[in-house]
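Numbering-wise (the working numbering), the sequence shown opens with residue 1 and increments by one.
Calculated from the structure, these hints are not laboratory results. Here the structure is a predicted model, which means the values were calculated and not measured. Glycine included, C-beta positions come from ideal geometry on N, C-alpha and C. Fair warning: there could be bad hints in the mix.
[As the list claims (entries may be wrong)] Listed next, the in silico SDA-like pairs over lysine to any residue satisfying Cα-Cα at most 25 Å (straight line): (1) K476 <-> A393; (2) K514 <-> A425; (3) K588 <-> V69.
[To be verified] Cβ-Cβ distance ranges computed for the label pairs, FRET-style: (4) Q152 <-> S672: 29 to 35 Å; (5) R14 <-> D462: 27 to 33 Å; (6) V31 <-> L377: 49 to 55 Å; (7) L617 <-> K588: 22 to 28 Å; (8) S409 <-> T173: 19 to 25 Å; (9) I370 <-> A29: 35 to 41 Å; (10) Q145 <-> L617: 27 to 33 Å; (11) D462 <-> G632: 25 to 31 Å; (12) G616 <-> E22: 43 to 49 Å.
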Amino acid sequence: DNANIENGIIYITRGSLSHGFEYVNDKFAIVSEKDAFSDDRKKRRKKNKKSSDSTAIQNISDLKVGDYVVHENHGIGIFKGIEQIVTDGISRDYIKIGYSGEDVLYVSINQMDMVQKYIGGEATKPKLNRLGGEGWKKAKARARQAAFISAQELVELYAERQKVQGFKYSPDTLWQKEFEEEFEYEETDDQLTAVSEIKEDMEEGKVMDRLLCGDVGFGKTEVAIRAAFKTIQDGKQVAYLVPTTILARQHYLTFSQRMENYPVKVEMMSRFRTPKQQKETIANLSSGRTDIVIGTHRILSKDMKFKDLGLVIIDEEQRFGVKHKDKLKELRKNVNVLTLSATPIPRTLHMSMTGIRDMSVLAEPPDDRIPIQTYVLDYDPECIKDAIHRELARNGQVYYLYNRVTNISDVTSKLQQLVPEANFAYAHGQMSQRELENIMMDFMDGEIDVLVCTTIIETGLDISNVNTIIISDADKMGLSQLYQLRGRVGRSTRTSYAYLMYAKDKVLNTDAEKRLQTIKEFTEFGSGFRVAMKDLEIRGAGNLLGAEQHGHMDSVGYELYCKLLNEAVMELKGEPIVTEFETLIDIKINAFIPSSYISSEEQKLEMYKKISLITGLNDYYDVQEELEDRYGNIPRSVNNLIDVAYIKAEAHKLGAVNIKQIKDKVLIYFKSDASVDSEKLLKLIADSKGKILFTNTGGEPYLTCTVKESKNILNELKEILKKLKA
């Protein structure tokens with residue numbers, strides 16, 4: 001007011017300002033809370049754009065002895081483990097694969113990228129191939145032809161979509177930027193990248209059909225909110241389709257709160273709304289007064305008329321029926337579609353991998369998020385009692401999942417007797433809309449300690465105070481379903497717990513045991529892709545590619561079939577197909593992981609896989625760091641192995657097909673179309689003073705490098721490749 005402001009003194013006062021300001025001449029500045037605490041961090045955060053291609057989805061299933069595997073050149077066999085072979089005093093590890101009859105193939109660890117885990121239908125075990133026989137060649141040729149036919153259909157679909165000219169959205173407005181800055185959390189780099197990719201689609205004027213794939217709790221909703229807000233800026237409307245009424249209400253509240261400072265009208269369509277309210281919403285959508293409608297499949301009904309629909313957001317598309325999907329296909333022709341998924345169904349995964357559907361990936365967990373502690377055990381009342389007490393002691397809440405409506409009230413009564421001091425309630429989908437709504441609202445408000453419920457909480461429900469979930473009869477649930485249910489906890493910085501229980505003394509069938517073991521193994525965030533692939537493996541491929549393609553996929557395995565399909569798509573679209581080639585390395589040097597360093601064969605195989613995936617210096621250092629951190633000082637043979645993998649990667653980039661040692665010489669053979677710079681090659685030869693020679697006699701050109709001390713071979717090779725690349 002009339003207070004005297006003195007120089008050099010900081011004053012704190014109450015008020016509400018979105019941004020501060022400064023009078024330079026008077027040396028006077030007002031700093032708002034946002035200037036001091038939130039926006040600054042966002043501005044400093046660098047946007048690290050990551051590739052959203054399919055490589056993160058492939059080759060991630062862990063091998064175990066007895067698993068079926070596919071070698072791209074030799075076919076389907078059985079993984080027999082890792083075996084060390086000594087030749088001329090040099091020790092190396094090999095992957096041992098058993099084939100039909102007594103045939104055995106030893107694959108060098110350096111070539112393990114040629115081996116994939118077999119994933120197909122489990123109704124019948126795959127037929128093993130015979131080494132050197134014609135069976136595998138014929139099966140691969142048939143699968144390639146089938147993939148080409150399937151690819152033609154996909155490319156035609158893609159071409160039709162590309163022909164349609166969509167609405168070209170304007171660049172971001174000031175409101176858009178201000179709206180995004182109001183987000184109370186710090187975005188992950190993946191979130192920022194996904195938002196940028198969606199905006200590019202919108203501003204280019206293409207009809208968007210993008211899959212936003214992110215693990216539970218990774219911030220898909222905020223990305224969708226920003227896409228919706230941008231759509232509204234150009235006068236278009238948004239429909240957000242969710243599978244359950246509970247989720248519709250939660251998203252309605254989230255959208256309403258985020259947009260409360262802006263002239264945006266958000267409405268909901270679900271059975272929580274009275275007929276009168278629904279009628280009003282339909283009228284408002286038709287006249288354009290409503291900007292965003294959030295609801296269940298009710299918003300796909302014939303009586304729903306939009307004035308100008310611009311974007312449809314679909315949450316977990318696989319949970320909608322065939323009729324709803326047909327309706328969605330119609331919408332996709334001329335309206336932008338953003339599909340959100342935490343565990344992509346195999347068909348969606350397949351579409352994404354073949355480049356027919358645009359895909360954004362959220363693979364980075366939010367800051368301070370802690371993985372969920374997961375336990376698989378017999379039903380135990382004492383354990384349940386302890387788990388509830390532990391959560392209540394820190395003022396938290398608990399989900400108890402019991403998926404049978406008939407006696408859910410009896411189960412709740414028994415639990416109430418077990419923990420009498422807690423407030424219990426139960427909820428299921430057959431309750432009246434008002435009753436269910438009231439219970440869920442009481443639970444969200446913290447008036448209920450333990451909610452006994454069916455799978456109505458499965459998709460998207462987000463209550464950060466609930467950090468313990470107990471799942472009864474977990475063996476009867478699907479893997480993706482278990483993964484989603486477990487994702488209902490762990491939404492805060494607290495340690496969260498998931499107890500997967502099955503009937504005491506029950507003997508689990510093989511599939512149920514695999515499911516529970518898998519969900520226990522995949523506790524880290526970002527496991528959604530792996531769960532989807534494991535789910536595909538356990539329950540069989542089903543109708544992944546349609547009945548006519550299923551047999552072909554089974555004959556060569558899921559991953560190889562998808563690879564053939566991807567090649568066919570690229571060929572039909574006229575895109576250049578890089579001819580794949582293998583870079584072989586045969587250097588007389590010990591390169592293996594000794595059992596004295598890593599005793600577990602599974603962990604050893606995991607590290608071999610990581611080493612084989614080295615593509616450059618960053619990977620090289622990352623692997624070294626991980627080995628030292630987990631297992632201690634790296635032995636010479638393991639360092640050699642890492643060097644060989646790095647050399648193979650660098651040589652492959654230059655077009656080298658073979659590197660082999662003959663006595664004190666190393667020969668590097670190149671493809672005829674290798675990408676080696678002639679000037680760099682000549683300089684390398686001149687600088688070597690006769691130690692390096694280049695030969696090109698019309699066959700494969702090659703370099704000869706004279707190395708007198710074997711311990712220097714790897715260093716010499718690294719230096720040569722560095723100079724050819726520099």
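Results of checking the hints against the structure:
A C-alpha spacing of about 31 Å is found between K476 and A393, which places the hinted pair above 25 Å, so the restraint is violated. Between K514 and A425 the CA atoms are separated by roughly 32 Å; this puts the pair beyond 25 Å, and the hint is violated. Distance check on the hinted pair: K588 and V69 sit about 29 Å apart at the alpha-carbon level, beyond 25 Å; violated. Taking the beta carbon of each, Q152 and S672 are about 33 Å apart, inside 29 to 35 Å as hinted.
At roughly 32 Å, the beta carbons of R14 and D462 sit within the given window of 27 to 33 Å. In this structure the supplied range 49 to 55 Å holds for V31 paired with L377, their Cβ-Cβ distance being about 54 Å. For the pair L617 and K588, the beta carbons lie near 25 Å from each other, so the given range of 22 to 28 Å is met. Separated by about 52 Å at the C-beta atoms, S409 and T173 break the suggested range of 19 to 25 Å.
Distance hint for I370 and A29: a CB-CB separation of about 39 Å, consistent with the stated range 35 to 41 Å. Taking 27 to 33 Å as the suggested C-beta distance range, the pair Q145 and L617 does not conform, at roughly 41 Å. Checked against the hint of 25 to 31 Å, the pair D462 and G632 fails, with Cβ atoms roughly 42 Å apart. Here the CB-CB span from G616 to E22 is close to 46 Å, well matched to the stated 43 to 49 Å.
Consistency with the previously given hints fails for numbers 1, 2, 3, 8, 10, 11, ordered from lowest to highest.
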